[in-house]
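Whenever a hint applies, use it, and build me the whole structure from the sequences.
Respectively, the protein sequence lines represent chains V and U. Just so we're aligned, residue 1 is where the first sequence starts under this note's numbering, counting upward by one. Just so we're aligned, residue 1 is where the second sequence starts under this note's numbering, counting upward by one.
Read the hints as simulated data drawn from the structure, not as lab findings. Built from N, CA and C at the ideal position, the CB exists for glycine as well. Possibly wrong hints are sitting among the right ones.
To be verified - Label pairs and their computed distance ranges (CB to CB):
#1 Arg144(V) / Phe71(U): 38 to 44 Å
#2 Gly184(U) / His170(V): 39 to 45 Å
#3 Lys307(V) / Gly184(U): 22 to 28 Å
#4 Glu223(V) / Arg218(U): 50 to 56 Å
#5 Glu360(V) / Gly182(U): 40 to 46 Å
#6 Met17(V) / Thr298(U): 48 to 54 Å
Claimed, not checked - Pairs of lysine-lysine residues, derived as BS3-like cross-links and limited to a Cα-Cα distance of at most 27 Å, are as follows:
#7 Lys137(V) / Lys86(U)
#8 Lys154(U) / Lys42(V)
#9 Lys86(U) / Lys12(V)
#10 Lys275(V) / Lys426(V)
#11 Lys42(V) / Lys86(U)
#12 Lys326(V) / Lys307(V)
#13 Lys311(V) / Lys270(V)
#14 Lys372(V) / Lys275(V)
#15 Lys426(V) / Lys420(U)
#16 Lys234(U) / Lys426(V)
Residues per chain, in single letters:
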Amino acid sequence: MPGQTFEIGKEKLLGEMYVRDLLQKILNYSSCDQTEVIFANKNRCLTRYANNAITQNISEKETAVRVRVISDGRIGLSACNDLREASLRRTVDSAIRNARLLGADNSSLSLPLPSAYGKVCSYFANTAEYSAASRAKQVQIICREAAGGGYKAGGFFSTECLETAVANTHGLFAYYPQTVAEMNVFFTSRNGAGFASACSADVSTIYGEALAKKAAGRMARSELRTIDPGEYPVVLEPDAVSEMLSFLAAYGFSAAAVQMNQDSTGLGSKCLSEKISIWDDGLSPEGLPVPFDCEGVPKQSLPLVEKGVFKNVVYDNSAARQFGKKSTGHNLPVMSSIWPLPPHISARCQPTNLFVGPGENSRQDLIGKISKGIVITRFHYNRLVHPLGTVVTGTTRGGTFLIENGEITKPIYNLRYTQSFWDALKQVEAVGSEPVLHRSSFGAHFVPALCLSAFRFVANAADG
Amino acid sequence: MMQDFCNRVLNIAEIAGADYADVRIVERRNQTIRAVNGRVSQLSDTVRIGFGVRVLINSAWGFACSSDVSFAEAERVTRLSVDIAKASGLVVNVPVVWPAMPGINAAYRTPVEVDPFSIPAEQKIEILLEADAAMRKVNGIRDTKTGTEAFQEKKVFASTEGRYIEQEITQTGGGLQCGAAGEGEFQQRSYPNRFGRERACAGWEYVAGLDLPGNGERIANEALQLLAAPQCPKGVTTVILDGAQMALVIHETCGHAVELDRILGQEIPLAGSSFLSEGSVGKFRFGSEYVNIMANATVPGGLGTYGYDDEGIPATKIPLIRNGIFVGYLSNREDAARLGSRPGGVSRADGWSAVPLARMSNINLEPGDWDLEALIADTDDGIYMQLCRSLSIDNKRVNFQFGSEIAWEIKGGKLGRVLKNPTFTGASPQFWASCDAICSQKYWAMWGTDCGKGQPSQNVTVGHGTAPARFRNVQTGVF
Chain V
1 MPGQTFEIGK
11 EKLLGEMYVR
21 DLLQKILNYS
31 SCDQTEVIFA
41 NKNRCLTRYA
51 NNAITQNISE
61 KETAVRVRVI
71 SDGRIGLSAC
81 NDLREASLRR
91 TVDSAIRNAR
101 LLGADNSSLS
111 LPLPSAYGKV
121 CSYFANTAEY
131 SAASRAKQVQ
141 IICREAAGGG
151 YKAGGFFSTE
161 CLETAVANTH
171 GLFAYYPQTV
181 AEMNVFFTSR
191 NGAGFASACS
201 ADVSTIYGEA
211 LAKKAAGRMA
221 RSELRTIDPG
231 EYPVVLEPDA
241 VSEMLSFLAA
251 YGFSAAAVQM
261 NQDSTGLGSK
271 CLSEKISIWD
281 DGLSPEGLPV
291 PFDCEGVPKQ
301 SLPLVEKGVF
311 KNVVYDNSAA
321 RQFGKKSTGH
331 NLPVMSSIWP
341 LPPHISARCQ
351 PTNLFVGPGE
361 NSRQDLIGKI
371 SKGIVITRFH
381 YNRLVHPLGT
391 VVTGTTRGGT
401 FLIENGEITK
411 PIYNLRYTQS
421 FWDALKQVEA
431 VGSEPVLHRS
441 SFGAHFVPAL
451 CLSAFRFVAN
461 AADG
Chain U
1 MMQDFCNRVL
11 NIAEIAGADY
21 ADVRIVERRN
31 QTIRAVNGRV
41 SQLSDTVRIG
51 FGVRVLINSA
61 WGFACSSDVS
71 FAEAERVTRL
81 SVDIAKASGL
91 VVNVPVVWPA
101 MPGINAAYRT
111 PVEVDPFSIP
121 AEQKIEILLE
131 ADAAMRKVNG
141 IRDTKTGTEA
151 FQEKKVFAST
161 EGRYIEQEIT
171 QTGGGLQCGA
181 AGEGEFQQRS
191 YPNRFGRERA
201 CAGWEYVAGL
211 DLPGNGERIA
221 NEALQLLAAP
231 QCPKGVTTVI
241 LDGAQMALVI
251 HETCGHAVEL
261 DRILGQEIPL
271 AGSSFLSEGS
281 VGKFRFGSEY
291 VNIMANATVP
301 GGLGTYGYDD
311 EGIPATKIPL
321 IRNGIFVGYL
331 SNREDAARLG
341 SRPGGVSRAD
351 GWSAVPLARM
361 SNINLEPGDW
371 DLEALIADTD
381 DGIYMQLCRS
391 LSIDNKRVNF
401 QFGSEIAWEI
411 KGGKLGRVLK
421 NPTFTGASPQ
431 FWASCDAICS
441 QKYWAMWGTD
451 CGKGQPSQNV
461 TVGHGTAPAR
471 FRNVQTGVF
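See the structure below:
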């Protein structure tokens, strides 16, 4: 099958058989009632550039395991990246020792049972084997395009190969390889900036020249203007929509959000614009497919918002036990869960493969609906202000334009917004027809542009 | 053995044609204990080791790394870093200036009274549960979190210039957080810093000194007060910011703004640039005459304290702002050489798998001479804000918005009612120009934070020493 070559012994992939044997060996070191091992083999290559030149060019390889044991209702964790036997035994012993120190949990957690997983096409050998020279050539094309237009180019081009597996003492074993290629292009000039990005499991679908032209197309052709802060209708380009979804994933769609007194968001009721439908689907080939979460629970399509009705939040095993539900398979992706997550990552389970249902409007159709408003290419430095309503602040960036009478008329200086993203979903007037794939912190989003009737800007910000 | 490993790497690099090469071997150990709602929810130990090789060939850099610290992998990774450097050479337009440094053999260790890994986990858990109980004693608190952490990094640096450095960095930390909810509102209070977490380059003696159980009831009561408190009013007023809030203001408006790689445009695509430029040194008025800010990687206990940076340069002090004027950059070796200045010893990498970048160490606001009580008494109308809850700043480090956990109204020189959701916004140079008072050494303390930068994203820990300070004509109540 095209794109599905698993070559055992190749530098990048260890292979399913090797990983299965390794994880079984680790499970055998444990004497606990229940033991789980998560495995990740990461090969990441990234070329970074700025001022039309390569500034960093790296190759990173790490193989790591996390062991979780459950003994008499007590959970212990340990992790390491040294896969020699002595280190693995020490890691298992450490997890057992840690479990014994915890207080017992009376509603005992049970690890998932073996499952069947959906078939995904997530690995492309050409991405895994993509060379530093090839990445440099693409960056060269981008920089030449920038220089030709009198711009400076910066950004990055990365190719990754990741092998993930979960095994536990109930006989569960889940394995899949994945590749991700991602390209960011950021042009700057005296008159501001233009941004474009792309990601795919298949690097052959990403073209530096095309993205460079897209970034150039967003460059201001005249001097930037200042407009007064206030509430404006906006067109959010797909990059901006994706960034908004990342916050909603953590603070709106996770079980932890329910716990944080989210009654006002109206789970189960029609509380958002009927134009908006959002779902999570780890199996969809239009995203970056992931067949299971890092407890080995199978991924499936789960509606979160259906024509404005807030349908579901997501659970992992632990949250499901707490709320009396079933796991929806949303324990955070492997490499984030092997190492203790920093405390500000409050939602340990959240949707990671988000889709927004496309509409029938072209980009021009969306802009045409607005008599005075703003086109936002992307956001910058977004941070949570208050979890209730997912109130976030940040600035616009990478191409911000004034709409007047249904047309883009002027490039404008960036603006700072402070906006409830939950309220933003209530203001969706129209949805774009062309979704685009974006890498997110823990997965990927496949989203179109959105037209919102109101978005709150509180101050002017810098250009660029 | 580590020295043999390093020598093997550097030898391969030189034979392959490297003009310069360095190698870092880093082993990190983390222990995290967290308690949530009265029970220990996480007790984890992680150990990570790996090495990274950086080479410079004809003004182009290559970097490769691996978690497999073996001689066979050393050969593969080093040759890969050379190949990558040669590929980078396709898109280079500025020659790298790299003045040679003399060889040294050195070592550094964080001064520690009590090794945090020597304290039994049971003893740490007892303190956490005692602190948790102190918070839960207050009726109306819905969730509680406590935690401690211990971190140790052993690293070796070696370069083709004959620099060989071994370091052992220890960090210890702890904290509390509680949440109260009711009538459509949710509020949290933390101690000693945001996310219920503060750390220092120190041993267990640091956590013992925090007195976590002794602060539980106070923050729980404050969380409840916040539920019932009025919203921070919208207006232009005087604000006094406590040390924990000041730390993040310094971080965002000064620390990042003076990073030379940002000023030279190398970080534009992700984090942005700066309102400062190459010609700003000695000329740009950053703030009022009261403002003096120093980068100091040698402060005892600072979260950004170390012996040598990740290019083998000794930790040092760099004046950044003197009497309000911008006087110094944070730079790596390469960019410092471009400007004809000495490297500042602030080139830092997140472990073995990242390239070093110009980073903050400890960025400290020098104390003034005010007593906090006298400063409040001197303020007729204003708001005293405590502990940063949210922060955001634009791509040139100008327009910012901060939110604090709690605030108190100041009327007629006295602290009054509690205000919830306090926020303030402004533009960095105008904001610092409005600073008219800084509290004295008596109120000066080191605060710490994580700092993200670069692609792939990397994290280093940095410190900010500061006392509370007052600012005039500040826009508040954005949210």
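Structure-based check of all given hints:
1. Arg144(V) / Phe71(U): 38 to 44 Å: Because 41 Å falls inside the window, the suggested range holds.
2. Gly184(U) / His170(V): 39 to 45 Å: holds, 43 Å
3. Lys307(V) / Gly184(U): 22 to 28 Å: holds, 26 Å
4. Glu223(V) / Arg218(U): 50 to 56 Å: holds, 54 Å
5. Glu360(V) / Gly182(U): 40 to 46 Å: The hinted range 40 to 46 Å holds for Glu360(V) and Gly182(U), with Cβ atoms some 44 Å apart.
6. Met17(V) / Thr298(U): 48 to 54 Å: holds, 53 Å
7. Lys137(V) / Lys86(U): With a Cα-Cα distance of about 12 Å, the restraint between Lys137(V) and Lys86(U) holds, given a limit of 27 Å.
8. Lys154(U) / Lys42(V): Cα-Cα ~23 Å, so holds.
9. Lys86(U) / Lys12(V): Between Lys86(U) and Lys12(V) the Cα gap is close to 21 Å, so the pair holds against 27 Å.
10. Lys275(V) / Lys426(V): holds, 9 Å
11. Lys42(V) / Lys86(U): holds, 24 Å
12. Lys326(V) / Lys307(V): Holds, because 24 Å separates the two Cα atoms, which is no more than 27 Å.
13. Lys311(V) / Lys270(V): Between Lys311(V) and Lys270(V) the Cα gap is close to 9 Å, so the pair holds against 27 Å.
14. Lys372(V) / Lys275(V): At roughly 21 Å apart (the allowed maximum being 27 Å), Lys275(V) and Lys372(V) satisfy the hint.
15. Lys426(V) / Lys420(U): holds, 26 Å
16. Lys234(U) / Lys426(V): holds, 25 Å
In summary, this structure violates none of the numbered hints.
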